[in-house]
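J.: When the count follows this note's numbering, it moves up by one through the sequence shown with no breaks and lands on 371 for the last residue.
These are calculated hints, taken from the structure and not from any lab test.
It is possible that part of the hints are untrue.
The list that follows gives simulated cross-link-like pairs (lysine-lysine, DSSO-like), each with its CA atoms no further than 27 Å apart [said to hold, decoys possible]:
hint, residue 1, residue 2
1, K222, K177
2, K237, K222
3, K57, K35
Just so it is clear, the structure is predicted and the values come from calculations on it, not from any experiment.
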Amino acid sequence: MNETVHVGLGARAYDITIGPGLLAQAGALIAPLLKRPHVAVITDENVGRLHLETLRKGLNSNDITLSSLMLPAGEATKSWPHFERAVEWLLEERIERSDVLIAFGGGVIGDLAGFAAAVLRRGIRFVQIPTSLLAQVDSSVGGKTGINAPQGKNLIGSFHQPSLVLADTDVLGTLTKRDYLAGYGEVVKYSLLGNSDFFQWLEGNASRAAEGDMAARIAIVKRSVEMKADIVERDEKEHGDRALLNLGHTFCHALEAATGYSDRLLHGEGVAIGCALAFELSARMGLCSQEEPSRVRAHLREMGMKVDLSDIAGDLPDAEALMRIMAQDKKMMGGVLSYVLVRGIGDAFVTSDVDPEMVRGVLQGALNARG
1 MNETVHVGLG ARAYDITIGP GLLAQAGALI APLLKRPHVA VITDENVGRL
51 HLETLRKGLN SNDITLSSLM LPAGEATKSW PHFERAVEWL LEERIERSDV
101 LIAFGGGVIG DLAGFAAAVL RRGIRFVQIP TSLLAQVDSS VGGKTGINAP
151 QGKNLIGSFH QPSLVLADTD VLGTLTKRDY LAGYGEVVKY SLLGNSDFFQ
201 WLEGNASRAA EGDMAARIAI VKRSVEMKAD IVERDEKEHG DRALLNLGHT
251 FCHALEAATG YSDRLLHGEG VAIGCALAFE LSARMGLCSQ EEPSRVRAHL
301 REMGMKVDLS DIAGDLPDAE ALMRIMAQDK KMMGGVLSYV LVRGIGDAFV
351 TSDVDPEMVR GVLQGALNAR G
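Use the sequences and the hints to build the structure in full.
T.: Listed below in C-alpha cells is the structure:
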C-alpha cells in the first residue's frame, strides 16, 4: 500500500515514502543512512506521548537506539530559546557530522529540527517523519527550515534538504479534527495554484479522507507532494516557480503574527483564509470571475474550515496595522511585496504589480464583515 515520490535534486535527491505502518518499519527504512546504529530524535510533548514508543520499537527492530528531546507543542516553540536548547542538546549528545537527526512531529518540529541539522557542525543529515497532515503534504518536503522572529514568521532559516521523508498515514488518525483540517488548508492550496482537476477531485473525495478513508488519505498526501516535488525540482531555492507555493501565505503570515502565533489561528487555517483573500483580491482586480472565490469558499465551508476573518476569535488589528505586518514579509524586494494571485482555480502566478489600496480594501472589507 506504500507509495513513493522521488525528489530529484541530484546529490541532494531523496524519497518520500507514504503509507500506513511506517513507524514500525522505520528501522529498516533508516538503517541504510546510518554509519552507527543510533539516531537523535527531536519531537514535541504531544507527539512524544502518542508515538515515540512506536518509533523506538520500529528502530529497535533493526538494533538502532535513539536519544530524544521533547519540546513544548505549538508555534511558539519555533523561537530562539527552543532552537538554542535543541542545538545544545545535540552537542551534549555528541551527535557527529556523519549521524542522522530525526525530526518527529508537525511543521514546527520539522522546521526547527531541520534548521538545527543545517547549522550543527555546518550541516548534518536529517530525516523528516511528519506527524500532521500539514507537515506530510507540505512542510516536510522541499528543505525549507527555520524559526520565527518577533518581526515575522520564518525570517531566520536555511535551505537544507532531508535525506528521507516517512509520511505514516496511520498517524493522521490521532489528529484532532481541527488539526486535520488545518493541514487540509495546504492540500487545497496545491489544487488552487496549479491543478483544477485535483480541486474537482477534492470536492468529491476530501470528506471521505477527513472521515478516515485510508486510500483517500494516501491519495491526498501523494498528489500534494508530487506537486511540491515537481516545483522544488524546478526551483529549489525560490527564485521563480517555487514562490507559487506561497499562495495565501502573505495574508496568512500577517494574521499569524497578529494573533501572536497562538492557538487562535493554526497555520493551515491561516492558509485557507489567505487563499480565500487572494482569490477575492484577484477577483477585485478583474483577474478572475467572482464565481471562483465563491467556489473556493463554498468548498472550505463544506469541509468545516475557517474561511473568513470573522472565523478568528478575539480582536484583530485594523487594516493599516495588518499592512505594516505584511511589509515585514520575507518576500519583500526593494520595498515592494510580491503576491500570488490567480486567473482561476488551478492557474496561479506571482506579481508585484498590486495596488496597496486594493489590498487595503480587501482587508477592510473582511474586517467589516466581522461586525
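J.: Evaluate each hint against the coordinates.
T.: Hints, one by one, checked against the model:
{"no.": "1", "hint": "K222 / K177", "verdict": "holds (21 Å)"}
{"no.": "2", "hint": "K237 / K222", "verdict": "holds (22 Å)"}
{"no.": "3", "hint": "K57 / K35", "verdict": "holds (20 Å)"}
Checked against the numbered hints given earlier, this structure breaks none of them.
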